[in-house]
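Guided by the hints, dock chain B with the ligand onto chain A, whose structure is given.
From first to last, the protein sequence lines are chains A and B. If you read the first sequence in the working numbering, its first letter stands for residue 1, the second for the next number, and so on. If you read the second sequence in the working numbering, its first letter stands for residue 1, the second for the next number, and so on.
Some hints here could point you the wrong way.
As the list claims (entries may be wrong) - Which chain B residues face chain A? A few, computed with CB under 10 Å, are given here:
no. : residue
1   : ALA3
2   : SER4
3   : ASP45
4   : PRO46
5   : GLY47
6   : ILE48
7   : GLU49
8   : MET52
9   : ALA53
10  : TRP55
11  : CYS56
12  : ARG57
13  : ALA58
14  : LYS60
As the list claims (entries may be wrong) - Within a straight-line C-alpha distance of at most 27 Å, the following computed DSSO-like cross-link-like pairs (lysine-lysine) qualify:
no. : chain 1 : residue 1 : chain 2 : residue 2
15  : B       : LYS28     : B       : LYS60
16  : A       : LYS29     : B       : LYS60
17  : A       : LYS29     : A       : LYS145
18  : A       : LYS29     : B       : LYS28
What the hints contain is simulated information worked out from the structure, not anything from laboratory work. Computed from a predicted model, the values in this text were never measured in an experiment. The beta carbon of each residue, even a glycine, is placed where N, CA and C say it ideally should be.
The residues making up each chain are set out below.
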Amino acid sequence: MVTAIGMISGGLDSTLALRLLLDQGVRVKAVNFYTGFCITETRRRLGGRTRDGEPPRNEALRAGADCGVEVELVDLSGSGYLDVVANPRHGYGANANPCIDCRIFMMSEARRIMEREGADLVFTGEVLGQRPMSQRRPTLALIEKESGLSGRLLRPLSARLLPPTIIEQEGRIDRSRLLGISGRGRKDQIALAARLGIDDYPQPAGGCCFLTDEAFGRKFHDLMDRRAERRIERDEIILLATGRHFRLGERVKLLVGRTEGENAVLDRHAEGRWRLTTPEHLGPLALVEGEPDPEQRRLASGIVARYGKGRAHPEVRVHWSRAGEELTVAVAPLADEGVLERLRL
Amino acid sequence: MDASNLRPARTLDMSGSFCPVPIIETAKAVRALPLGEVLLVIGTDPGIESDMAAWCRATKNDLLGVARDGRVLRAWVRKRGGG
Ligand code: SF4
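The shape of chain A in the complex, shown without the other chains (with noise of 0.2 Å):
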């Protein structure tokens, strides 16, 4: 019998992949590649929700138990992977994602499953030209390679575009039930979903982590670009990806919290940070990092004051603490969209 290693992100194309192996009789041992950039888990954090008022589901689980197969969840999220991510070899896709490396990082940790587990193959969802960065065919051979697998990776839905895997040229995979999907569309994977009765899947989303939003990647390659040495720790990514940022000077940033559950965030990350308040009046919690001078200063107030319910008032007072220290800045709320648009990340 085969056994396939699957990376399954519980997205369409994966649990079609999973689908067209387990009707074949592959046995299957899925994994779940935890990154620390996952979006389920930082709309979590932010308390946010689904359209139904559900916390958002971890949609490889469940997809798993869909499909009667045990997901593994492997956690990658150690310094090894934020290496990747402030050095990346092949470089960026149009934001903060270096998708090219984090595949091959990912399909290595694939194969040391498979090895583990002696089983024949490692598969995924790909679809080949789906993705402009990563899933082009000359990047779907180079991540194969570089990750140890070739020969070794199948990718289900695009397989009769590709070289036959060495399991296909053996005869254990029968290939001409595998498909040969390609591009962005989704019409021929709805239509499948529909014949092999699959309806409950997520929208697919830009890409499988917050890596790829916009707003996060000009807040990265701000930091990035700023440090004489490339690294990144957690903390400061999940601060990245929280609140409204605003470059006062090279080394003085203001992080503004946009809803409860950013101002909870940002509180737990006071530490070594101004933390900013407006006592007088409902508003945002907010951080300034650095050392600013008192002109920025004025500034970060008048920016946290505007975002309160103070922003009409002619002056608000806005309390600065830090380890100790604490001042009172009073301010009129900053009310130039130009010079907030010229100063924001």
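For chain B with the ligand alone, kept in the frame of chain A given last:
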């Protein structure tokens, strides 16, 4: 069944962690548990409820009950299948 009377062999407190970390840790803890024993998982991520149900379904472990007390969730898992 009122799971709160069960005596767990181990308690795992995942308060403050979010999906999928509580499940990753649950899997590790269940793997180390003898068959038939109960693990109590405490957490504050509201999604634990659906994740734990899906994970138990997929790994063929028993989810004996989930109780909510304010923000805190408690889930009792009996080891039957894998981890
Ligand atoms: S979208 Fe994120 S998780 Fe997916 S390959 Fe790109 S960097 Fe990796």
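**Asked** Going back to the hint list, which numbers does this structure go against?
**Response** Hints 1 and 2 contradicted; others consistent.
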